[in-house]
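Chemist: The chain contents come next:
2 protein chains.
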Amino acid sequence: MSRPVSDWSLDLTVAADSGAPLFRRISQGIIAEIRRGRLRPGERLPGSRTLATTLQVNRNTVLAAYEELAGEGWTEPARASGTFVSRALAQVRPAAARRASRRGRPATPMGFDLERAPDLEQLIPAHLPGLQFSGSVPDLRLAPASELARAFRRALVKQARTVLSYGHPQGHPRLRAALAHMLAGSRGLATVSEDVVVTSGSQMAIDLVSRALLRPGDVVAVEQLGYRPAWLAFRQHGARLLPVPVDTGGMQVEALAALTERTAIRAVYVTPHHQYPTTATLTAARRIALLELARRQRFAVIEDDYDHEFHYDGRPVLPLASADRAGVVVYIGTLAKILAPGVRLGYVVAPRSLLASLTAHRFLIDRQGDHTLEYAVAELLEAGDAQRHARRARRIYQGRRDFLARALRRELADALSFTTPAGGIAIWVTAAPGVDVDRWAARALTHELVIATARGYAFDGRPQPHMRLSFAAFNEEELSEAVRRLRRAL
Amino acid sequence: MSRPVSDWSLDLTVAADSGAPLFRRISQGIIAEIRRGRLRPGERLPGSRTLATTLQVNRNTVLAAYEELAGEGWTEPARASGTFVSRALAQVRPAAARRASRRGRPATPMGFDLERAPDLEQLIPAHLPGLQFSGSVPDLRLAPASELARAFRRALVKQARTVLSYGHPQGHPRLRAALAHMLAGSRGLATVSEDVVVTSGSQMAIDLVSRALLRPGDVVAVEQLGYRPAWLAFRQHGARLLPVPVDTGGMQVEALAALTERTAIRAVYVTPHHQYPTTATLTAARRIALLELARRQRFAVIEDDYDHEFHYDGRPVLPLASADRAGVVVYIGTLAKILAPGVRLGYVVAPRSLLASLTAHRFLIDRQGDHTLEYAVAELLEAGDAQRHARRARRIYQGRRDFLARALRRELADALSFTTPAGGIAIWVTAAPGVDVDRWAARALTHELVIATARGYAFDGRPQPHMRLSFAAFNEEELSEAVRRLRRAL
Numbered sequence: 001m002s003r004p005v006s007d008w009s010l011d012l013t014v015a016a017d018s019g020a021p022l023f024r025r026i027s028q029g030i031i032a033e034i035r036r037g038r039l040r041p042g043e044r045l046p047g048s049r050t051l052a053t054t055l056q057v058n059r060n061t062v063l064a065a066y067e068e069l070a071g072e073g074w075t076e077p078a079r080a081s082g083t084f085v086s087r088a089l090a091q092v093r094p095a096a097a098r099r100a101s102r103r104g105r106p107a108t109p110m111g112f113d114l115e116r117a118p119d120l121e122q123l124i125p126a127h128l129p130g131l132q133f134s135g136s137v138p139d140l141r142l143a144p145a146s147e148l149a150r151a152f153r154r155a156l157v158k159q160a161r162t163v164l165s166y167g168h169p170q171g172h173p174r175l176r177a178a179l180a181h182m183l184a185g186s187r188g189l190a191t192v193s194e195d196v197v198v199t200s201g202s203q204m205a206i207d208l209v210s211r212a213l214l215r216p217g218d219v220v221a222v223e224q225l226g227y228r229p230a231w232l233a234f235r236q237h238g239a240r241l242l243p244v245p246v247d248t249g250g251m252q253v254e255a256l257a258a259l260t261e262r263t264a265i266r267a268v269y270v271t272p273h274h275q276y277p278t279t280a281t282l283t284a285a286r287r288i289a290l291l292e293l294a295r296r297q298r299f300a301v302i303e304d305d306y307d308h309e310f311h312y313d314g315r316p317v318l319p320l321a322s323a324d325r326a327g328v329v330v331y332i333g334t335l336a337k338i339l340a341p342g343v344r345l346g347y348v349v350a351p352r353s354l355l356a357s358l359t360a361h362r363f364l365i366d367r368q369g370d371h372t373l374e375y376a377v378a379e380l381l382e383a384g385d386a387q388r389h390a391r392r393a394r395r396i397y398q399g400r401r402d403f404l405a406r407a408l409r410r411e412l413a414d415a416l417s418f419t420t421p422a423g424g425i426a427i428w429v430t431a432a433p434g435v436d437v438d439r440w441a442a443r444a445l446t447h448e449l450v451i452a453t454a455r456g457y458a459f460d461g462r463p464q465p466h467m468r469l470s471f472a473a474f475n476e477e478e479l480s481e482a483v484r485r486l487r488r489a490l
Numbered sequence: 491m492s493r494p495v496s497d498w499s500l501d502l503t504v505a506a507d508s509g510a511p512l513f514r515r516i517s518q519g520i521i522a523e524i525r526r527g528r529l530r531p532g533e534r535l536p537g538s539r540t541l542a543t544t545l546q547v548n549r550n551t552v553l554a555a556y557e558e559l560a561g562e563g564w565t566e567p568a569r570a571s572g573t574f575v576s577r578a579l580a581q582v583r584p585a586a587a588r589r590a591s592r593r594g595r596p597a598t599p600m601g602f603d604l605e606r607a608p609d610l611e612q613l614i615p616a617h618l619p620g621l622q623f624s625g626s627v628p629d630l631r632l633a634p635a636s637e638l639a640r641a642f643r644r645a646l647v648k649q650a651r652t653v654l655s656y657g658h659p660q661g662h663p664r665l666r667a668a669l670a671h672m673l674a675g676s677r678g679l680a681t682v683s684e685d686v687v688v689t690s691g692s693q694m695a696i697d698l699v700s701r702a703l704l705r706p707g708d709v710v711a712v713e714q715l716g717y718r719p720a721w722l723a724f725r726q727h728g729a730r731l732l733p734v735p736v737d738t739g740g741m742q743v744e745a746l747a748a749l750t751e752r753t754a755i756r757a758v759y760v761t762p763h764h765q766y767p768t769t770a771t772l773t774a775a776r777r778i779a780l781l782e783l784a785r786r787q788r789f790a791v792i793e794d795d796y797d798h799e800f801h802y803d804g805r806p807v808l809p810l811a812s813a814d815r816a817g818v819v820v821y822i823g824t825l826a827k828i829l830a831p832g833v834r835l836g837y838v839v840a841p842r843s844l845l846a847s848l849t850a851h852r853f854l855i856d857r858q859g860d861h862t863l864e865y866a867v868a869e870l871l872e873a874g875d876a877q878r879h880a881r882r883a884r885r886i887y888q889g890r891r892d893f894l895a896r897a898l899r900r901e902l903a904d905a906l907s908f909t910t911p912a913g914g915i916a917i918w919v920t921a922a923p924g925v926d927v928d929r930w931a932a933r934a935l936t937h938e939l940v941i942a943t944a945r946g947y948a949f950d951g952r953p954q955p956h957m958r959l960s961f962a963a964f965n966e967e968e969l970s971e972a973v974r975r976l977r978r979a980l
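Which chain is which? The protein sequence lines are A and B, in order.
For the first sequence, our numbering begins at 1 and goes up steadily by one.
For the second sequence, our numbering begins at 491 and goes up steadily by one.
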């Protein structure tokens, strides 16, 4: 009744690549035979000794495989007369599995239909080799890695019982308190810890707000030059986007006002501090007009204050949220720039009923954040380590901004012009008439220099005579080299 | 022309609670006056000396406040004749702000309308004091906290440049490889690192799959006794849920088959290993029938294998995914049980086109996970530390399961009955006729014992004569005490 064991060896060979233990590969080979219909309900398996000899393995290995088959119900409970394929499997059909390749890993088919997914290529540009003048990251060499490691260790050792258990999706109370204190002290927000929801970076803040706020068909106004990952998050939640022009005073709130006369909008997404990507600061008059417009028309102002700390000339401008008396501003911040992009912590400050909704949505997204990390970063904020790091980085970046501005004026005055930005980590330059920035960027690639041009930020994707040159991640030597390559590529 | 400064002091007093530095509170007080229309465009502010004297502050503090006002455009650029409110603010209206309370923090109004949010109360039960017999957490006292802290430190110190920068939303390659190896070695999944998407816990896996798979109106079949946070995530993405009964052999796949004859379903969500909450293992015959049904009807089988490691009698049953030849299974796992719930790492294994979609959706949700943590846990898996911890926990939990089973049989044989579960972290008990479990649970609260009854897991929310008693987080002394209190509450 037992089948020639040579039949098995094929599948056992196939499974040799899988890294699974031997007994498992044997039981899997047997299961495959059952599924193919070559071993039928009620049939007897070879004796363990016989199979062990044929396969040249230890008998205990075969016994372990048989034990597993019994445990999973593939075979009948052990009997003296041998091991039998379970009769309960009578409905097994010689499966479609036969179609699958039996050698090597078959290409997994797809057994159900799928919606078109967001285009990842559009979200994450291919990595191009060379100096990344296009980056939007701070200098990781400055990141307070050891301080963070120490704080993380302290959190795990001293607070293991709380940070390793389930916690509240609004965020660890200690981090919320530290953030509220920081926002009150340096950004004019009258916050206490209940006014803060912690998120996994500013992208989650944007996604959460979209989930809580938007219904399919809602209109969200965005900056005509702006931050694409936010746009895609809004669209993912059914929003229709309408672009608003930007100039050296930030978003043209007058144009937004005109737009809202034609179409009711649900929200506007805006980067008032250092407009992304142009680095322009929204003027005081437009700030007031925007808040007033939102109050009258009852739309939300989603204020993304992604790099508040990096302001070099005078003090940072206070957020719109600090002047919001009507409860229209949803304020989003991040610790990605102050610490490092890999530290996935952001936050939202908003009217409390929105915060309650965000908290519930966060629970459904990932239940809660990493409370060990949240506790550790709270300690860094309380001790002032994070602020010290930010001050040091600001000094260094200011020097780099000035260095790059001088180098550009010296080397490329004929080809581009710019206003030195009061803050941010990049200089937004305008090309001289006749200079095609996209061709320039293409040539720069052959000199191993990666540049971001305006069209990558443009709502309509059309060329504009601007480039964004990021200075924060480069020291002076690297900046000089970048400008040299830029010159050569002209 | 300057106003009596006494007018200001009111607002400065208000802001005293905010924790903001003094100069900021002064500038905010002035901004508030401008916004209220009491200081008009073109008006002159008091001289810095005068204001400093009146407020009894250092003159530099007032200068800092004025500098800030100028930087933000509230006042005209500095002139010898004094500081003037900016004429560009001509459109300021005596704002609605006047309505806001000027003493203490006003309750923030809500300047826009909001959809009804998911009910957080339903998601996170109120914390009730006492022994948590209702928990679904492992014993945090066993968590490998120091190993994790050391690995995190190594990742930060050795890999700062990569883990602190932006990385790929699919997950750190090293963790994906370690997970693929683990799944191949112990769960019969023929995976390589490309077959894995890392998530922030299993809840994010469920949410991501919902986002990628579901359209409003899609039907998802769920277990009649089951995991509510998953249901709410499906509903959040527009799904209509239909319940399928469960028994001691897990989900009644026969009932599912009958259901699919009446209604096309998009997916079924199932916990085959230790059914949640009943701990039943899905029988081999039902496994085969489920895969075959899904293949024929082209629906997805979302397999949540949340506590694979904790199987005590015989070896863990292999996941449905290990037998999936048709590409219908979406396999979800988590490290929350193997390490600790606070370690927010889960994963999905599925056909690659779904994985690509999950990765893109993850980018929109929070860009990427915490790659420092992912790298650190990859090391723990590679070194076998995580597996060693899981083996140790399994031994201990098996002892606790047996201890609780004995204690229940000794103390409460008259009131309840059960089958000792082959795995999981809880015993699912059935009350004797005439015993009302919900009343029992209510009385237990007065004895400081928190119990979970079946109705909390029931799709229809109706009472059933069952309770779930969690043994993993209690040592023998605590288990004895819990059973004593349970007895007393009867």
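Do not rely on the hints blindly, as some may be mistaken.
[To be verified] Covered, in the sense of this in silico footprint (three residues per stretch, anywhere, with C-beta under 8 Å from a C-beta of chain A), are these stretches of chain B: (1) 600 to 608; (2) 687 to 695; (3) 848 to 857.
[What the hints assert, rightly or not] If the Cβ cut is set under 10 Å, some of the chain A residues that face chain B in the computed set are: (4) Arg49; (5) Val57; (6) Arg240; (7) Ala326; (8) Leu373.
Hints listed in this document are in silico derivations from the structure and should not be mistaken for laboratory results.
Heads up, the beta-carbon is just placed ideally off N, CA and C, and yes, glycines get one too.
Chemist: Please go over all the hints and tell whether each is borne out by the structure.
Modeler: These are the hints, each one checked on the structure:
1. For the region 600 to 608 of chain B, the stated coverage by chain A is satisfied: 8 residues place a CB nearer than 8 Å to a CB of that chain, which reaches the threshold of 3.
2. With 5 residues having a Cβ less than 8 Å from any Cβ of chain A, the region 687 to 695 of chain B passes the three-residue criterion, so the hint holds.
3. Figure legend: the region 848 to 857 of chain B, annotated as covered by chain A; annotation consistent (8 residues with Cβ-Cβ distances under 8 Å, at least 3 required).
4. A least Cβ separation of about 21 Å between Arg49 (chain A) and chain B goes past the 10 Å threshold, and the interface hint is therefore violated.
5. Below 10 Å, beta-carbon pairs count as interface contacts, and Val57 (chain A) has none with chain B, the closest being about 17 Å; its hint is therefore violated.
6. Among the interface hints, the one on Arg240 (chain A) is violated; its C-beta lies about 17 Å from the nearest C-beta in chain B, farther than the 10 Å criterion.
7. Hint status for Ala326 (chain A): holds, given a least beta-carbon distance of 4 Å to chain B, under 10 Å.
8. The beta carbon of Leu373 (chain A) comes within 7 Å of a beta carbon in chain B, closer than 10 Å, and the hint placing it at the interface holds.
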